[in-house]
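> Chain by chain, the residues run as shown.
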Amino acid sequence: MQKGGFNFDLYQRNVELIEKNNYKVPKTTKTGTTIVGVVFSDGVVLGADTRATSGPIVADPNCEKIHKISDYIWCAGAGTAADTENTTGMISLQLELLSLSTGRSPRVRTALTLLKNFLFRYHGYISAALVLGGVDFTGPHLHMIHPHGSTSTLPYISMGSGSLAAMAVLETGYNSKMGEEDAKSLVHQAILSGILNDLGSGGNVDLCVIKHKSMEFFRNVDTTNSKRKFRKKLPYMFKSGSTKILEKEIEEKMRKMEIVNEKESQIEELEEL
Amino acid sequence: MLNEFSNNTISLFLQKKKKKGSFFNFSLTTFSPNGKLLQIEHALKAVESGATSLGIKASNGVVIVTEKKLPTTLIDENSVKKIQKLNDGIGVIYSGLGPDYRVLISKARKKSQQYFKQYNEIIPVNIISRKVAGIMQEFTQSGGVRPFGVSLLVAGYDHNGPQLFQVDPSGSFWAWKATAIGKNSSNSKKFLEKRYKPDMEIEDAINTAILTLKEGFEGEMDEFNIEVGVITNDKKFRILEPEEVKDYISELNL
Numbered sequence: 000m001q002k003g004g005f006n007f008d009l010y011q012r013n014v015e016l017i018e019k020n021n022y023k024v025p026k027t028t029k030t031g032t033t034i035v036g037v038v039f040s041d042g043v044v045l046g047a048d049t050r051a052t053s054g055p056i057v058a059d060p061n062c063e064k065i066h067k068i069s070d071y072i073w074c075a076g077a078g079t080a081a082d083t084e085n086t087t088g089m090i091s092l093q094l095e096l097l098s099l100s101t102g103r104s105p106r107v108r109t110a111l112t113l114l115k116n117f118l119f120r121y122h123g124y125i126s127a128a129l130v131l132g133g134v135d136f137t138g139p140h141l142h143m144i145h146p147h148g149s150t151s152t153l154p155y156i157s158m159g160s161g162s163l164a165a166m167a168v169l170e171t172g173y174n175s176k177m178g179e180e181d182a183k184s185l186v187h188q189a190i191l192s193g194i195l196n197d198l199g200s201g202g203n204v205d206l207c208v209i210k211h212k213s214m215e216f217f218r219n220v221d222t223t224n225s226k227r228k229f230r231k232k233l234p235y236m237f238k239s240g241s242t243k244i245l246e247k248e249i250e251e252k253m254r255k256m257e258i259v260n261e262k263e264s265q266i267e268e269l270e271e272l
Numbered sequence: 000m001l002n003e004f005s006n007n008t009i010s011l012f013l014q015k016k017k018k019k020g021s022f023f024n025f026s027l028t029t030f031s032p033n034g035k036l037l038q039i040e041h042a043l044k045a046v047e048s049g050a051t052s053l054g055i056k057a058s059n060g061v062v063i064v065t066e067k068k069l070p071t072t073l074i075d076e077n078s079v080k081k082i083q084k085l086n087d088g089i090g091v092i093y094s095g096l097g098p099d100y101r102v103l104i105s106k107a108r109k110k111s112q113q114y115f116k117q118y119n120e121i122i123p124v125n126i127i128s129r130k131v132a133g134i135m136q137e138f139t140q141s142g143g144v145r146p147f148g149v150s151l152l153v154a155g156y157d158h159n160g161p162q163l164f165q166v167d168p169s170g171s172f173w174a175w176k177a178t179a180i181g182k183n184s185s186n187s188k189k190f191l192e193k194r195y196k197p198d199m200e201i202e203d204a205i206n207t208a209i210l211t212l213k214e215g216f217e218g219e220m221d222e223f224n225i226e227v228g229v230i231t232n233d234k235k236f237r238i239l240e241p242e243e244v245k246d247y248i249s250e251l252n253l
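Protein chains in written order, with numbering that gives the first Met the number 0: chain F, 0 to 272; chain R, 0 to 253.
No lab work stands behind these hints, which were simulated from the structure alone.
For clarity, every value in this text was computed on a predicted model and none was experimentally measured.
The C-beta atom is built at its ideal place from N, Cα and C for all residues, glycine as well.
Incorrect hints may appear among the rest.
[Claimed, not checked] Here are the computed distance ranges between Cβ atoms for each label pair:
#1 F:Gly123 / R:Tyr118: 28 to 36 Å
#2 F:Lys212 / R:Pro197: 37 to 45 Å
#3 F:His147 / R:Gly133: 37 to 45 Å
#4 R:Ser26 / F:Tyr22: 51 to 59 Å
[Said to hold, decoys possible] In silico SDA-like cross-links for lysine to any residue, where the CA-CA straight-line distance does not exceed 20 Å:
#5 F:Lys183 / F:Asn224
#6 R:Lys116 / F:Lys183
#7 R:Lys106 / R:Gly160
#8 R:Lys109 / F:Thr101
#9 R:Lys116 / F:Leu92
#10 R:Lys235 / F:Asn224
#11 F:Lys67 / R:Asn119
#12 F:Lys212 / F:Arg120
#13 R:Lys110 / F:Gly102
#14 F:Lys67 / R:Lys106
#15 R:Lys116 / F:Gln188
#16 F:Lys183 / F:Glu170
Please build the complete structure, drawing on both the sequences and the hints.
Next comes the structure, spelled out in structure tokens:
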């Protein structure tokens, strides 16, 4: 059975290759994102864009960045897509085991601790920056988790490459006495700001509103940025004769076969037997 | 051969090696001359002397019930929960040794999460039953351990509909339409044979289950000394509250 964690057996060899043999280290692919979280009077709103990039190319124009940790605890992830998906997936399973074993519904701070301890063990090599929000029996909670394992608890948070654009909107619009509609609209505007002003973010806006024993997921609540205006209708049709024929050469590739009536020959064979 | 054998054990004792909790390299469950594994037979005896549990598979759900016989009235019955969930859609009950059951539930829950991690699918009832049976079989063939002294009834509802499985200390498992384990299991099964109908609905099944339990019950049956667990086509296993159980019992008394 494989042990968990990283295998550093090839470290020496890699160092030698880079220094002595002028080996070019392949670049790690960075993904851009705008993710946001806001606390309001009854709960938490999480928001995210939907663009996944691989260098300068949009790998997925409509991916889901808000992951479920438990029924009323959700987590938006920025950074390497595989890291955020698998980390949140694993902690979600651990939390379900814990909740079954204790007979209690899980707490946001438990998810926070599991995530930060996991990320700290890998010293930042797991590139997952998370916005964790949820409502448990102690009330609404919102936290941010950095890839190295440090956490902060704040009333409003933004992370990812579009975080500066989003934070500008949050700082302007946030007030501690917001209701649900105000919070939703603030998060929406913050994500939109990230989509418009950051190249690494784009696509549609996803929102997730969590209140006591209630969760509403608004997938693709705003799609105005993903409709391409000048797209040619597919398939591409060319008039016959648009390509000028200069030369013609015909090669016989296969001799024509004679088709014998199969059934008759089979019956003959059986009769012979 | 015999010398090597005893040398091995002596050297093991001297080195005080401990591998995963099992001290010995050899199994304590061995065949008797007539082809039986006596340890498993004894484990089944432990099950037979445990509190009665039974389960009925209806056309639209499964119900499992158990006797919660506490040795004294001083025990806080709220802290004792015999029926346990493996995940949202599967519930389990046992007859036999409680501590063995607790360990199995822990292992089963972990297996079900691992399955989800691997296949991104909620584990089907027959697969988790098979895995639990596998764990129980391991303990009949591993070094230095004894078989589990419990039989489990696994109730669930998945894409194959409602299912009820029994898992034994030997590691064998099979599906039932209705069954009972523990004390009075044979009488209860005879009672169930007469009452079971394949097109039974879940409400009917719950009443039949509680009635069957009442047949072999010593003393007065009330909502605090039995536990009832139900799963229907909403695929969510639920342990009934004492008030709900009280309603069913009073219906039967009428």
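> Run every hint past the structure and note whether it holds.
Tested hints:
no., hint, verdict
1, F:Gly123 / R:Tyr118: 28 to 36 Å, "31 Å, holds"
2, F:Lys212 / R:Pro197: 37 to 45 Å, "38 Å, holds"
3, F:His147 / R:Gly133: 37 to 45 Å, "40 Å, holds"
4, R:Ser26 / F:Tyr22: 51 to 59 Å, "53 Å, holds"
5, F:Lys183 / F:Asn224, "18 Å, holds"
6, R:Lys116 / F:Lys183, "32 Å, violated"
7, R:Lys106 / R:Gly160, "25 Å, violated"
8, R:Lys109 / F:Thr101, "14 Å, holds"
9, R:Lys116 / F:Leu92, "8 Å, holds"
10, R:Lys235 / F:Asn224, "40 Å, violated"
11, F:Lys67 / R:Asn119, "13 Å, holds"
12, F:Lys212 / F:Arg120, "33 Å, violated"
13, R:Lys110 / F:Gly102, "18 Å, holds"
14, F:Lys67 / R:Lys106, "24 Å, violated"
15, R:Lys116 / F:Gln188, "35 Å, violated"
16, F:Lys183 / F:Glu170, "15 Å, holds"
Consistency note: the structure conflicts with the earlier hints numbered 6, 7, 10, 12, 14 and 15.
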